[in-house]
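Protein chains: 2
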Amino acid sequence: MRQMPHDIGHEFFFDLSATDQADVLLAQTPPERRHWIRLLAPDDVADVIQALPEDQRLGFLSLLDEPTRAEVAALLAYAEDEAGGLMNPRYIRVRPDMTAGEALGYFRRQAQDRASRDVPTHAYILDDNGKLLGEVRLTDLIAGDPATPVGYLMQAEVVTIPEEADQEAVARLFAQHGLAAAPVVDAEGRMKGVVTADDIVAVVEEEATEDIQKLGGSEALDAPYLKVAFGHMVRKRAGWLSALFLGEMLTATAMAFFEEEIAKAVILAMFVPLIISSGGNSGSQASTLVIRAMALGEVKLRDWWRVIRREVAAGLVLGSVLGTIGFLRITLWHAITGIYGEHYLLVALTVFASLIGVVTFGTITGSLLPFILRKLGFDPASASAPFVATLVDVTGLVIYFTVASVVLRGTLL
Amino acid sequence: MRQMPHDIGHEFFFDLSATDQADVLLAQTPPERRHWIRLLAPDDVADVIQALPEDQRLGFLSLLDEPTRAEVAALLAYAEDEAGGLMNPRYIRVRPDMTAGEALGYFRRQAQDRASRDVPTHAYILDDNGKLLGEVRLTDLIAGDPATPVGYLMQAEVVTIPEEADQEAVARLFAQHGLAAAPVVDAEGRMKGVVTADDIVAVVEEEATEDIQKLGGSEALDAPYLKVAFGHMVRKRAGWLSALFLGEMLTATAMAFFEEEIAKAVILAMFVPLIISSGGNSGSQASTLVIRAMALGEVKLRDWWRVIRREVAAGLVLGSVLGTIGFLRITLWHAITGIYGEHYLLVALTVFASLIGVVTFGTITGSLLPFILRKLGFDPASASAPFVATLVDVTGLVIYFTVASVVLRGTLL
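As they're listed, the protein sequences go chains A and B.
Whatever position you read off the first sequence (first residue = 1), add 4 for my numbering.
Whatever position you read off the second sequence (first residue = 1), add 4 for my numbering.
Hints are computed from structural coordinates only; laboratory data are not their basis.
Here a beta-carbon is modelled for each residue, glycine too, at the ideal position from N, C-alpha and C.
Treat the hints loosely; a few may be bogus.
EDC-like, lysine to aspartate or glutamate: derived pairs with alpha carbons at most 20 Å apart [what the hints assert, rightly or not]:
#1 B:Lys240 x B:Glu210
#2 B:Lys268 x A:Glu15
#3 A:Lys231 x B:Glu302
Every beta carbon over 12 Å from chain B, so not counted as near; a handful from chain A, in silico [said to hold, decoys possible]:
#4 Gln7
#5 Phe64
#6 Glu75
#7 Gly381
With the sequences and hints as input, model every part of the structure.
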């Protein structure tokens with residue numbers, strides 16, 4: 005970076021992630037550090053400080069000028085994933101009795117501030133206590149007479165964001181209202197900063213990545229797949245995989261319980277993978293749909309009963325579809341090969357009835373689990389396809405062998 | 005909406021999704037339609053037109069004024085999910101020899117355009133052929149002397165977006181560079197429109213939802229979970245579920261192939277669900293990580309060999325971890341209950357070795373499948389956890405029974 009022309013070096017530095025910026029700063033001499041860290045906006049400085057090793061943080065804070073240091077310290081008090089941690093504490097604040105011309109003066113000053121790559125679009129009108137009264141668009145300030153008080157140009161209906169709102173909720177507000185920027189306020193309505201849509205794009209991608217990785221049955225990785233250290237990645241995956249394995253061991257216990265039935269009718273063992281995987285698949289469909297709907301705010305905790313009713317119905321329909329395919333497969337296959345013995349129709353019936361039961365149980369479990377996890381304070385995205393499949397497998401075996409013992413009693417069993 | 009005060013009605017209408025806006029318009033009288041559709045910006049009109057029934061589209065297009073109709077028609081020529089379909093064709097274009105004061109005049113006019121809720125932040129400098137030369141920030145225009153030619157204030161290094169770029173690629177550029185707005189250009193560098201970050205927030209959420217629903221093993225739904233019609237949802241799910249079921253039927257064929265072994269050693273059947281689900285789980289971890297890394301552009305097609313090498317190593321480590329747990333479980337359980345017979349150590353060894361093989365096969369399949377799907381032109385996100393599990397189940401059975409026939413020959417088999 006030392007060899008780069010000034011401007012390109014700056015652009016390059018700005019485009020790095022906070023972690024990479026921290027690495028660059030750590031590799032620099034103290035005067036270089038002072039130069040580069042002062043180029044960043046306070047919210048970016050806060051991100052970089054959080055990416056530094058604990059013992060280096062104070063040293064870097066001391067490189068900032070006094071007002072920036074105070075702003076950064078205030079930002080560091082927020083959790084990284086709440087609105088307060090996302091916002092830029094620098095925004096254009098005006099009083100309602102200021103004129104449009106005076107307000108434009110603030111925009112002029114902002115343009116001279118090299119640290120900011122953002123182009124402010126709104127000025128915010130605050131009362132003497134810092135309470136947000138409304139906003140005014142930069143274009144409206146330019147359009148009107150410079151002597152107009154900004155109060156006249158003000159838009160009072162503003163979508164505001166509570167400072168402690170979770171970044172997922174913030175992203176939802178942006179997506180819903182198509183916002184370009186929104187003011188962050190505290191419980192008393194005092195304005196704290198501005199969140200802009202460009203920050204939200206990164207947040208939405210990050211949240212989706214976390215959810216997707218959890219849905220795949222591993223903990224969320226902290227870095228891109230090819231960059232994360234092998235040992236770190238394996239640890240993130242081994243935890244869930246081992247937990248699922250321990251859960252899945254119950255299938256061996258369940259199978260042992262039905263050992264006698266299997267010994268009598270080995271044919272029953274043939275369909276075990278087919279039956280339990282169908283439960284797992286239908287359950288994973290249900291859980292992913294519900295988890296995503298929750299993440300987007302389309303489904304709330306109180307909707308659980310509506311969802312379950314829907315999933316019971318879906319399970320019965322889907323189970324009947326699979327059951328019918330299974331029934332036809334067994335009867336047709338038997339007609340061709342004759343491998344399923346004289347009681348093939350009863351076997352086919354067992355598979356048909358079990359599939360309805362197992363698939364319905366799968367959709368119920370898959371849709372209920374995210375609600376239970378959220379209610380208990382866990383991330384619903386942990387109700388991954390593998391987790392649901394593991395829960396459903398044991399019950400699937402019990403359903404299957406119970407149906408079999410009823411249908412096949414006196415014939416095969 | 006007819007009862008709402010004017011302003012609130014407008015805000016409410018703007019916040020609706022394109023589908024809901026289309027429904028509102030369809031319920032209105034022709035004069036109302038003309039009023040409401042003319043409130044929308046051209047890119048929003050294009051979205052609404054696309055949401056209307058085929059036979060209504062021309063009628064609604066005729067309600068627009070002539071220049072807007074031309075703009076909307078141009079937008080409709082783009083696919084909905086490429087940059088051209090996302091952009092706003094209205095932006096502020098200036099010539100390099102114009103003064104800052106003249107350029108500001110364009111911003112003033114934009115402010116009077118009620119249809120636009122966007123606040124433009126940049127003017128774009130185009131040559132006589134419409135080629136993009138650079139951009140200038142609104143704040144820089146205000147800050148300087150109104151007589152300065154905009155060419156002097158121009159920033160020539162601009163991140164541009166090709167008009168046919170996929171919306172996922174556009175979102176990536178926004179996230180990477182923290183863009184608030186970016187110009188869309190054609191192959192000759194002629195500027196076509198502007199994409200803003202607020203549009204991208206919705207795009208990113210939509211893309212993630214689609215991927216997550218596919219990863220859960222169903223087709224992407226076209227509407228929120230609780231709003232989508234029951235029959236539509238069941239059809240979207242039944243397709244994949246039936247396909248997976250048909251694939252999973254191969255497990256019954258594989259099991260039939262090993263019927264003799266199972267009849268001789270029923271104990272082998274006990275561990276079938278445990279073994280195959282471990283392969284499925286490790287495969288689904290691998291596929292989700294790779295799919296997400298692809299969607300974020302962290303992993304490209306050419307990285308396939310690096311990824312596979314990584315996943316083979318991960319599979320061996322994870323398989324050994326699970327194998328060890330399985331081995332301990334069988335030997336400990338046997339020490340307590342004695343249920344696994346005199347050859348329990350050989351059974352434990354079979355499970356240990358099979359798990360290493362099955363888990364490694366799972367990670368290889370799971371990581372390779374997204375590459376194959378992308379190479380064939382399909383969406384890698386279709387390599388869902390259930391799809392991978394189905395592929396791995398059959399091979400898992402073959403690996404398990406093959407290991408068993410080697411380890412247990414002369415004892416149980």
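A quick look at each hint next to the structure:
no.	hint	result
1	B:Lys240 x B:Glu210	17 Å, holds
2	B:Lys268 x A:Glu15	70 Å, violated
3	A:Lys231 x B:Glu302	9 Å, holds
4	Gln7	18 Å, holds
5	Phe64	21 Å, holds
6	Glu75	19 Å, holds
7	Gly381	22 Å, holds
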